[in-house]
Amino acid sequence: MSIRIDRDKCIGCGRCGIVCPGTLIHTDADGKAYMKYPKDCWGCTSCLKECPAAAIRFYLGADIGGRGSALHTEKQGDILRWIIEHPDGSVTVIPVNQKESNQY
Amino acid sequence: MNTEILRTDILIIGGGTAGCWAAITAAEQSDADILICEKAHIRRSGCLAAGVNALNAYITGGKTPQDYVDYAEQDAAGIVRHDLLLSFSERLNSVTEKLERLGLVILKDKDGNYVSRGWRNIKINGENIKPLLADAVSKFPHVTVRNRVCITDLAVKDNRVCGAFGIGIENGTFYVIRANAVLIASGGAAGLYKPNHPGFSRHKMWYPPFNTGAGYAMGIRHGAEMTTFEMRFIALRCKDTIAPTGTLAQGVGAKQINANGEVYEQKYGLTTSERVYGTVCENIEGRGPCCLRTVGITPEQDDSLLKAYLNMAPSQTLKWIERGKMPSEENVGIEGTEPYIVGGHTASGFWVDAGRAATITGLYAAGDAAGGAPQKYVTGALAEGEIAAESMLRFVQENRPAPLDEAEIAAHQAEVTQFLSGDAGSDTTEALEEAMQTVMDTYAGGIGTHYRYSDASLQTADARIRAIEQRTAKLHADDFQSLMYIYELRERLTVCRAVIAHLRARKETRWHCFAEHTDYPQRDDAQWKCYINSRMENGEIRTFRRELTQGGGRNEHPDRP
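Chains A and B are the protein sequences, given in the same order. Going letter by letter, the first sequence gives residues 1 to 104 in the numbering used here. Going letter by letter, the second sequence gives residues 1001 to 1561 in the numbering used here.
One should not assume that every hint holds.
[What the hints assert, rightly or not] Pairs of lysine-lysine residues, derived as DSS-like cross-links and limited to a Cα-Cα distance of at most 30 Å, are as follows:
#1 Lys1063/B with Lys39/A
#2 Lys1108/B with Lys99/A
#3 Lys75/A with Lys1063/B
#4 Lys1098/B with Lys99/A
#5 Lys1063/B with Lys99/A
#6 Lys1267/B with Lys1239/B
#7 Lys39/A with Lys1098/B
#8 Lys36/A with Lys1255/B
#9 Lys1255/B with Lys1325/B
#10 Lys1239/B with Lys36/A
#11 Lys99/A with Lys1139/B
No lab work stands behind these hints: they were computed from the structure. All of these numbers come straight from a predicted model, not from anything done at the bench.
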């Protein structure tokens, strides 16, 4: 499992690296975040929820069924929008109201 | 290398579920100085990083804490501490209500009662549960949080804890911490065995790969009594993603079926270990792959499941979308994980008294670190954090801190310097970790042997783990993060030795898969209805038996050495 960080979008705030429970994301000489230990990522998605620039994408490795789609989130009030971009350019959006409980 | 000396009344090692709650409790009830040392950052560290979508331990209307004790006892085939189970069960509902006051969203019916999923689970939106806990901790000025400080060892003299040593993985600092009482809240141990998909996706949600058994290892090295390490936890999970299955099994009533479409659960039994065992057996006998039968659920249920998994294990939702098939269209494959050692699910951990005091004076354990009380889940870990905090407050009022030994400080500093100096040899931390996982998988009952082992295979495992342990002395670290990885490997190796010793000691098969001894394939109540405890003496782990508690009593094991 791992994430990709878009260098052009990254604003260098460092919040992804602070919140990562494995201290896996570091900052390079230009102040941009990069994934230093991709094999140690466990897919918690803490970093991408924290990113104010929507620069981080989570994807599944091919070894566990990944086919190139990439996940990120955007927060709009109480709604956390989970956005999945597919390789063909289409997009799936799943909005989750954080004030509503799971049904299952 | 900088050295920083910190002083505190209460040191909490690990700012996860139990650790944060212990800090909140101690801060509310006293003006004692409280220090949390967390090797990552408390906002998302620990088991709850991605969230959780149900509270699995709650006493619903008409049920009692004793019902929860009975359930946990039955699931563990009797090897539990009744006193510990009862004391956390009595607090499950009060900690839940407090969580709600902190901002956790809990599903309620029109009369304002929590909506349950079965008799002991309630439904929540727990995506933000860890930030809620972290925010609550930050409200107290007398709680200090040191993020990215990894505790590497306890300071113990004459069986009295005096503090701890640590490394700052970002600032390259060596920490000496003087503390009156210390709480081990560092979680359980993952990464001992080779995982499913050991390559690019070697780490998956749910159990944190960053929980290395650090607290156990520190306790073992200093001679703390440990219990039930042979009761490994193997979770039945969604195939590949290792996402939880309870939401499917309990939430939409999905049954475990084999490739012929037959429901096989009843054949093997419904305890946690039997659910894994049945799946292993069906696969061995050629009736796999096994699934949870979700085909036929409604599209509305699909939508709810997609959201439910995003709130705790987003990889599973992504997997459904990547496959282009929703659970209503395709059954969800299941498999067992590699074995973990986790006192929150099974009974492994520190041997503690009713107040969660370990056998080293001034040392306490809560959550995954504390043994004897399985099925804690989130709320049980909170309850134990609360109980331990109250005990520590009494302790620090009655006792003065013990002085730290200068020679011990120097020895720890020298060890850090040693790893950071010199040249890298041919061994790397990652290669030795892989070697350890292969040994455990092959000879100590990993996925590769369908969780089975024999006395002969365990002897091989023990010899090889010791050999790997010796080679860690020559490892080299370029920076403080790689230094942390060396310490983490050594923690895992110490825990492996304890697991092997405990598996060898229990000469029966009480829990299929969790402890599947091929030399002794039957359960033997006459000889083995007892705890197996251990203590490290002169570098060797000595196992011994203790009689079971009978239930109904309080503080049934107050004895300390």
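Verification of the hints:
{"no.": "1", "hint": "Lys1063/B with Lys39/A", "verdict": "violated, 45 Å"}
{"no.": "2", "hint": "Lys1108/B with Lys99/A", "verdict": "holds, 12 Å"}
{"no.": "3", "hint": "Lys75/A with Lys1063/B", "verdict": "violated, 39 Å"}
{"no.": "4", "hint": "Lys1098/B with Lys99/A", "verdict": "holds, 17 Å"}
{"no.": "5", "hint": "Lys1063/B with Lys99/A", "verdict": "holds, 28 Å"}
{"no.": "6", "hint": "Lys1267/B with Lys1239/B", "verdict": "holds, 22 Å"}
{"no.": "7", "hint": "Lys39/A with Lys1098/B", "verdict": "violated, 37 Å"}
{"no.": "8", "hint": "Lys36/A with Lys1255/B", "verdict": "violated, 41 Å"}
{"no.": "9", "hint": "Lys1255/B with Lys1325/B", "verdict": "holds, 19 Å"}
{"no.": "10", "hint": "Lys1239/B with Lys36/A", "verdict": "holds, 27 Å"}
{"no.": "11", "hint": "Lys99/A with Lys1139/B", "verdict": "holds, 23 Å"}
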